[in-house]
Every structure is written in structure tokens, then in C-alpha cells.
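*Asks:* Protein chains in written order, with my numbering: chain X, 71 to 207; chain G, 64 to 727.
Hints should not be assumed to be uniformly reliable.
Facing chain X, according to a computed beta carbon distance under 10 Å, are these residues of chain G, among others [unchecked claim]:
1) A92
2) I151
3) T286
4) N290
Simulated restraints, written as ranges between beta carbons of each label pair [stated by the list, open to error]:
5) G:L233 with X:V142: 27 to 35 Å
6) X:V73 with G:M94: 31 to 39 Å
7) G:K241 with X:V161: 36 to 44 Å
Quick caveat, the hints were computed from the structure, so don't treat them as lab data. We put the beta carbon where it would ideally sit given N, CA and C, even for glycine.
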Amino acid sequence: MRVVEALMASLLIVVAVTFINVLAVTPLSPAYEATELEKVGYNVLYDLDERGLLCRFVYNREWGNLTAALMVALPTDVYFNLTVYNLDDTVVNDVPLRYGDPNIFESSGSVASVSYIVPGYQIYYDPKILLLQLVRE
Amino acid sequence: MRRLIKQKRGQFIVIAAMMVAIMIVSIGAVMYGAVTYFKYERWEEYLAIVDNVKSASSRLVEMSLANYTLTLNDKTLKNNLDQWRNNITKAYYGFGVILTYSNATLARHWNDTTSFSGGNATFILNITSVGLVGYEFTALAFLRVSILDVVWSTSTKDLIVRLTVEEEGLTPLTNLGKSNFQVEISGYDFPDFTLDRYYSATHFLYEIRCASISKQPEGVAVTVVDNRCVKAVANSGVTRVLYVPAVIGYRSDTGTNGMLSPKVRIWNGTAWSTENELPSAGSPVRFVRVAYCPVAARYYEKILVTLSDDGYLDAYVWNDTAWVVTNDIGFTGQLTPGQRRFDIEYEKTSGEALLVYSITGGKDMIGYKVWNGSSWSEENIYEVTAVGGLGENVYWAALAQKPLSGSNEIALLTVDDKLAVYGVVWNGSLFSSQLKLGSARWEYGYVFECIAVAYESISGYATFVWADNGYSYSMQWNGSAWDSSPKQINLNGGATDDVWLSLKADPVSDKLMLLGIDNTWDLNTAYWNGSSWTVTLDHDIDVDTPALRCADLEWEPNGSKVLMVWGTSNAKLSYKTWTSSGGWSSEGTILAAGTHWWVQLRRNSLSTGATKILGARLDSNLDLGSLKFDGTTLTGTAGAFTTNTNTFYFECFEIEYQKFGSQP
Numbered sequence: 071m072r073v074v075e076a077l078m079a080s081l082l083i084v085v086a087v088t089f090i091n092v093l094a095v096t097p098l099s100p101a102y103e104a105t106e107l108e109k110v111g112y113n114v115l116y117d118l119d120e121r122g123l124l125c126r127f128v129y130n131r132e133w134g135n136l137t138a139a140l141m142v143a144l145p146t147d148v149y150f151n152l153t154v155y156n157l158d159d160t161v162v163n164d165v166p167l168r169y170g171d172p173n174i175f176e177s178s179g180s181v182a183s184v185s186y187i188v189p190g191y192q193i194y195y196d197p198k199i200l201l202l203q204l205v206r207e
Numbered sequence: 064m065r066r067l068i069k070q071k072r073g074q075f076i077v078i079a080a081m082m083v084a085i086m087i088v089s090i091g092a093v094m095y096g097a098v099t100y101f102k103y104e105r106w107e108e109y110l111a112i113v114d115n116v117k118s119a120s121s122r123l124v125e126m127s128l129a130n131y132t133l134t135l136n137d138k139t140l141k142n143n144l145d146q147w148r149n150n151i152t153k154a155y156y157g158f159g160v161i162l163t164y165s166n167a168t169l170a171r172h173w174n175d176t177t178s179f180s181g182g183n184a185t186f187i188l189n190i191t192s193v194g195l196v197g198y199e200f201t202a203l204a205f206l207r208v209s210i211l212d213v214v215w216s217t218s219t220k221d222l223i224v225r226l227t228v229e230e231e232g233l234t235p236l237t238n239l240g241k242s243n244f245q246v247e248i249s250g251y252d253f254p255d256f257t258l259d260r261y262y263s264a265t266h267f268l269y270e271i272r273c274a275s276i277s278k279q280p281e282g283v284a285v286t287v288v289d290n291r292c293v294k295a296v297a298n299s300g301v302t303r304v305l306y307v308p309a310v311i312g313y314r315s316d317t318g319t320n321g322m323l324s325p326k327v328r329i330w331n332g333t334a335w336s337t338e339n340e341l342p343s344a345g346s347p348v349r350f351v352r353v354a355y356c357p358v359a360a361r362y363y364e365k366i367l368v369t370l371s372d373d374g375y376l377d378a379y380v381w382n383d384t385a386w387v388v389t390n391d392i393g394f395t396g397q398l399t400p401g402q403r404r405f406d407i408e409y410e411k412t413s414g415e416a417l418l419v420y421s422i423t424g425g426k427d428m429i430g431y432k433v434w435n436g437s438s439w440s441e442e443n444i445y446e447v448t449a450v451g452g453l454g455e456n457v458y459w460a461a462l463a464q465k466p467l468s469g470s471n472e473i474a475l476l477t478v479d480d481k482l483a484v485y486g487v488v489w490n491g492s493l494f495s496s497q498l499k500l501g502s503a504r505w506e507y508g509y510v511f512e513c514i515a516v517a518y519e520s521i522s523g524y525a526t527f528v529w530a531d532n533g534y535s536y537s538m539q540w541n542g543s544a545w546d547s548s549p550k551q552i553n554l555n556g557g558a559t560d561d562v563w564l565s566l567k568a569d570p571v572s573d574k575l576m577l578l579g580i581d582n583t584w585d586l587n588t589a590y591w592n593g594s595s596w597t598v599t600l601d602h603d604i605d606v607d608t609p610a611l612r613c614a615d616l617e618w619e620p621n622g623s624k625v626l627m628v629w630g631t632s633n634a635k636l637s638y639k640t641w642t643s644s645g646g647w648s649s650e651g652t653i654l655a656a657g658t659h660w661w662v663q664l665r666r667n668s669l670s671t672g673a674t675k676i677l678g679a680r681l682d683s684n685l686d687l688g689s690l691k692f693d694g695t696t697l698t699g700t701a702g703a704f705t706t707n708t709n710t711f712y713f714e715c716f717e718i719e720y721q722k723f724g725s726q727p
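Use the sequences and the hints to build the structure in full.
*Replies:* Dropping the structure here:
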């Protein structure tokens, strides 16, 4: 009889551990991916801003340079899609600022999104909001 | 039921296992909840918002300061902050971002040697969606421009402004270029300039150099607009004007050793120093020659050589600390010499100095020693008459330095007691190319210094001039060959003999000016335009004496004018100026006690400072007085150097300018 009871107890433990393992989110889990990309994306925008390049590219509409700068600064396996907005939500960039397949941003389950605001350029107050979407290949 | 109760151990195992399982599941649920919370609360995004608001607010303050410094609209910051406060809430809609500000200030202090522009604001950030309240930070923008000095050089006409530029935290701004600077000089508006950047011991410096500033400006304004468009304007007057020191060495019966020791004074750009007595030469000084080192690394070095009653030369070298004497460095072979049988000159490039002096033994033999910057060489002997000469002993020796960069050539001109005149070339290592130029064929041709040598400043041709039986002549050495024949200079109509000659070169062209005093007391000049002589006769027909050189002339440092000064009457000195466009001016005079036996003029080597030409005159009272010419006015002070030379027979003094400028 005790053997049967011991087997039942073991089964309970195994079931509990298996259940926990299903819920567990390890650092390698895709659940962290978006957060990591947000960090990367913000740091890249901040770095470009500190170097005085971000505002120059945005306000002078140097879209090619801005795209190239992001491509250089981001890891090669990260695709991005940047949209520049006015405060009234109208889009400023008249060309796509993108690297990678556009469909991947819709199909991927872990798209990171970073908002970055710049107040103006040189002496003129004219805030713009940059929305940077990132996804790993 | 009883059986179950009796079988207590089996139930316990199952119950314990169930409790463990419940604990595991509970812990798992809590972990799952935590991860889910973390995942959906987007902490990274909140941190990014805080960081972005901070950096963007700092940008806003910088931008507002830039706008203020360019438009002087002091409402800029407040207006921008009010908009920013509203816009930031909208930009992060849904996060509950509320930004407030206080202590918003814009300020500037311009038009001073240290000027600045600054702005700051204190912010409080709340993000209600995450319960962040009262996060305070300060945004600061600052630009400071400090002019360290403004130096104007009268020789190069360059105006040099050295300044530092700093931002927040007084951190040096090191990435500015020429486009970040604008220079205004009173009377010149926006002159072109070059910009250099370098570290000094204490600062990161910007050096602005404006060329062709012909007059000393009253002030300079430097506008700096940094890469953020923040502007500051600093002003300064000219803080320093480069001047060129000079030295005079002379005989004076003063000091501890009286006439045994030469005396020196230093010109500081404005006045002569007090008298400094050098170590004894061991015998009363008769002639003095001085030379300054032309090498920048030893700009201070000067050599003073005396010839004394005992016939010996004594050399004194100033090493920037003390005068180091080498007594009896050479013997000229003649006690109580009446002629200057030696000369000293530096090589232009090497900075080595050549001392040449007569030695006994006939054949115009000369001894020479070389100063290499730290010591004198052994005596070497050169026979000037080695090629077809019959000379005896050199009575007068004159050296001239080839002024072209890269050259170490020195020209030597001698006249001996057989009236033979020789030109010889020192190539930096040895003498060569000697040529008998002519004969000082008149009765006392060797008694007076009727020879002179100078180089054309541009071509580098050595021009030798000597008097010969009623006329003077010139001959040039072009660096590789002599003229085929001498050119006659008819300074006195061929009727009289030139007894004293003085030849000076325009420092900026190939022009020369020759002064001659003849044995009938006439003062004449000849102008060399690079190819021919033009004589002007009889500036004076009754100078103070033909027995001594009571006249001299000199070019201004920029070559625009020649000054000639001579003694012709008691208690006065006469002078004229010459320009290529106007020729000789009318005669002017200044008060100068006594009659005048010796006049000597030397030009400022860099044309820096107000004084163009310095001079000295030895009068019949045995006073050695000063002369100074500022380009317009000649002034002088009798006995300024000494009131007792105790002789007037010898040119017992010489002035030389330093070759490099100094700063007060």
C-alpha cells in the first residue's frame, strides 16, 4: 500500500514541477526580446542626439543620412522602421525610414517600440516625436 | 474509515506531497505574475521617458539660450518652457507625464575680456501612471569666452588673439573651427584670419591671427557661436606690443675698472637700462663691436668684442645669464691700434659666429676663430693675399652676413697698410674666392675706414665698396662669381678722396645707400637701385670733421625711408630722410652739445615697436649720447650712455638690435 501512496505523491510533485516549467520565463525567453530592443533603440537615438546628428537629420530632412546612421548604429540583425511625427500626429518624413522587410513588423510577435522627443533645432522651438520600431531578424 | 485512520503513515506521504505541490504551484503563480507585471508595465519605457524628458529639456534650455544670444529676446526661455510643458504631456499621452519648471533664467555678460552667456531652469517631473512624483532636475547651458592676450607686431603687422572657450562646468570646448569665430578690429570691420588650436600648460587655446593690420588697433572683438548656436562676444584692447631689445657696448671711464672694462646697456623698447660693467679686458678699450645671434633658439645670445690698447681682443658672450669673457682671444699685432683691425659676425643659419682679426707677418694674414654656441675654436690663419697679393698687414676688417635663409656665407672686406683692398668670402667652413678689388690709393688710404660691405637683401649679392684715388668703386659677389669689373661711384667729382664710407642695405629690397665723407669735409651719398648708382653731392660741405666718421645713415626696418645724421656745427646735429619717391628731404637739426666726431645708426631688425632706428654720437665733450628715430622725429640725449669716454679718436661703441622680438 505504501508503494502506491509513494507513487501518487511523486506524481503530484512531477505534475507541479511540470506546470511551473510551463509558466517559467527565463532570460532567454522571447518575452524579454522587446524590452532589450527598446533599450538598444533608445540608446541609439540618444547617442545620435548627443552627437548633434539626430536633430540635424530630422530638421534638415536628411532622411538618407538618418537611415544610414541607424543602420550603422543598430545591430545588423535588427530591422527598424522610424516615423517622425509633429505634435499634431502628422507624419513628417515623406519617405519610409526603414531597414528590412516591411511585413516583418506585422508578422513578428515581439516588435519593440521607442518614442523619442526632440524639442527643436538650433534656435527654433519645433518639437518632433520619433517613433522607432525594432524587430530582430 | 477506521482503516484509513489506522494507516496514518501512508496518508501523511500523500498529504505532504500535495502540500509541496501546492507550494510549487503557488511560487510559480507568483513568479508568473511578477513576470507578467514586469512585461506589461514597461519599466524600460518609463526610464526612457524620464531620460528623454531630461535630455530634451536640456536641449530646450540650450536652444532658448541660443535664440536669446542671437535675438536678445529674453522672453524666449519662458515662452519655450510654457509650450514645452504642455507639449510633453501630449507627446506622452497616457503616461500621465506632468512637467513643471521654476527658476528659469537667461543671462549674458559680453564685451569684456571674459564674457559669457548662460541659461538654466529647474524642472519637476511627475509620471502619474507609475506613481513617480517630484523627480527634480536642472538644465544648464553656458558658454564662456576669455581673451588671454592680444598681441600686435609692428614688424609682421599681425594681430594675434589668444582665447579660451568653455561650456558648462568650465569644460574646454575643443571642437570649434574658423566658422565659429568672427573677429572685429576697430577700423577693419571683419578682417580675414587664420585659426589655430593647441594645448598650453594650463589651457586649451584658440589662436586667431589677423594679417595686414597696418596700425596698432585700439581694440578687438571676438564673437564665438558654438555648435549649439550659443553666442558670446568678448572684447579686449591690445595687451602687448612686441618690441625688439638692443644692446650698446661702449668704452667709459666709469665703474670699478674704468676704461679697462667695456660697459653695456640694454634697450627695452622704450629706454636704455642702467650701465652694466663687464669683466676687465686688461687694457683700456679702444674699439667695440657687437653681434646678435640670428638663431631663434639662442635669440638672447650676443657677442661683444673689444680691441684694447695692448692690441689684444677680448670676447664677451651673453648666455642669457651672464657675460662670459674670453680674455686675449686674439692679438692684432699692433700696440695702441688706431684702426679697427677686427670684426665679428654670425652666420645666418648655423648661428656660429666668425671672429676675424689682423695678425702680424705680412701677406694680409688674418686670424679667425669660430664660436659654435658654446665655445671658441682654436685660432686659424688665412692668407688674404694668397692670390697675387703683396699686402702687409690688415688695418681695417669689415664683415657682413648674407641675410638669406639657409646661407652661412659671410663677406670679408679688408684694406691693408699697402692700400690693397681685398674681398673674401667665408662659406661657413672656410675662406675662398678672394679677389684684390683695388687700391685705396691716396696718402692715408689705410688710416680711415674707406671700405664698406653689405648684402642686397633679396638677391643675396655681396656688395663691396672702397675708395680709390678720387672715386669710390663697387664690386659684387653673386654667390658664385665676381662682377667682371668694378663700378665707379663719383661721390665727389673725382677731385677729392673719400675717407669714410658707410654702406647700408634696405632690408626689404636690393636697394643700398652709401654715405661718403671726403677729405675736403664734404658729405655725399649714392643710391643703389639694384643695378646702378645715383649720386647726391654735397649734403654738407663743412662737416664737423673728416678725420672721424661724423655721419651715418640707416634704413627703416620696412625699407620705406633712410635716415642720415651728421655733425656739421657746434651744439647741433643735422639730419635728412630719403624716400624712393621723394628723394632727400630738406635738412633738419636737433640740439646736441659740442661738435660731433662719431655718429652711428642701427635699424630695428624687426620693425617692431615705435622706434625705427637707434643711434649714438660721440661729441667733443667726450660724451656718448643717444639718438632715436620713430619714423618722423629724431630725438637724442647728450651723454645718455656716458659723459666720459676719455677719447674721441676711436669708434669705441656699437649698437646692435636683437634679431627677434620680445614682450614686455
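*Asks:* Work down the list of hints and note, for each, if the structure agrees.
*Replies:* Against the structure, the hints come out as follows:
1. Checking A92 of chain G against chain X by beta carbon gives a least distance of about 8 Å; that is within 10 Å, so the hint holds.
2. Nearest Cβ of chain X to the Cβ of I151 of chain G: about 7 Å, under the 10 Å cut. The hint holds.
3. Annotation: interface hint on T286 of chain G violated; nearest CB of chain X at approximately 15 Å, more than 10 Å.
4. Restraint check, N290 of chain G versus chain X: the minimum CB separation of about 6 Å is within 10 Å; hint holds.
5. Checked against the hint of 27 to 35 Å, the C-beta distance between L233 of chain G and V142 of chain X comes to roughly 33 Å, which is consistent with it.
6. V73 of chain X and M94 of chain G have their C-beta atoms about 34 Å apart, which keeps the hinted 31 to 39 Å range intact.
7. The given range of 36 to 44 Å is respected by K241 of chain G and V161 of chain X, whose C-beta atoms sit roughly 39 Å from each other.
Checked against the numbered hints given earlier, the structure breaks only hint 3 and satisfies all the rest.
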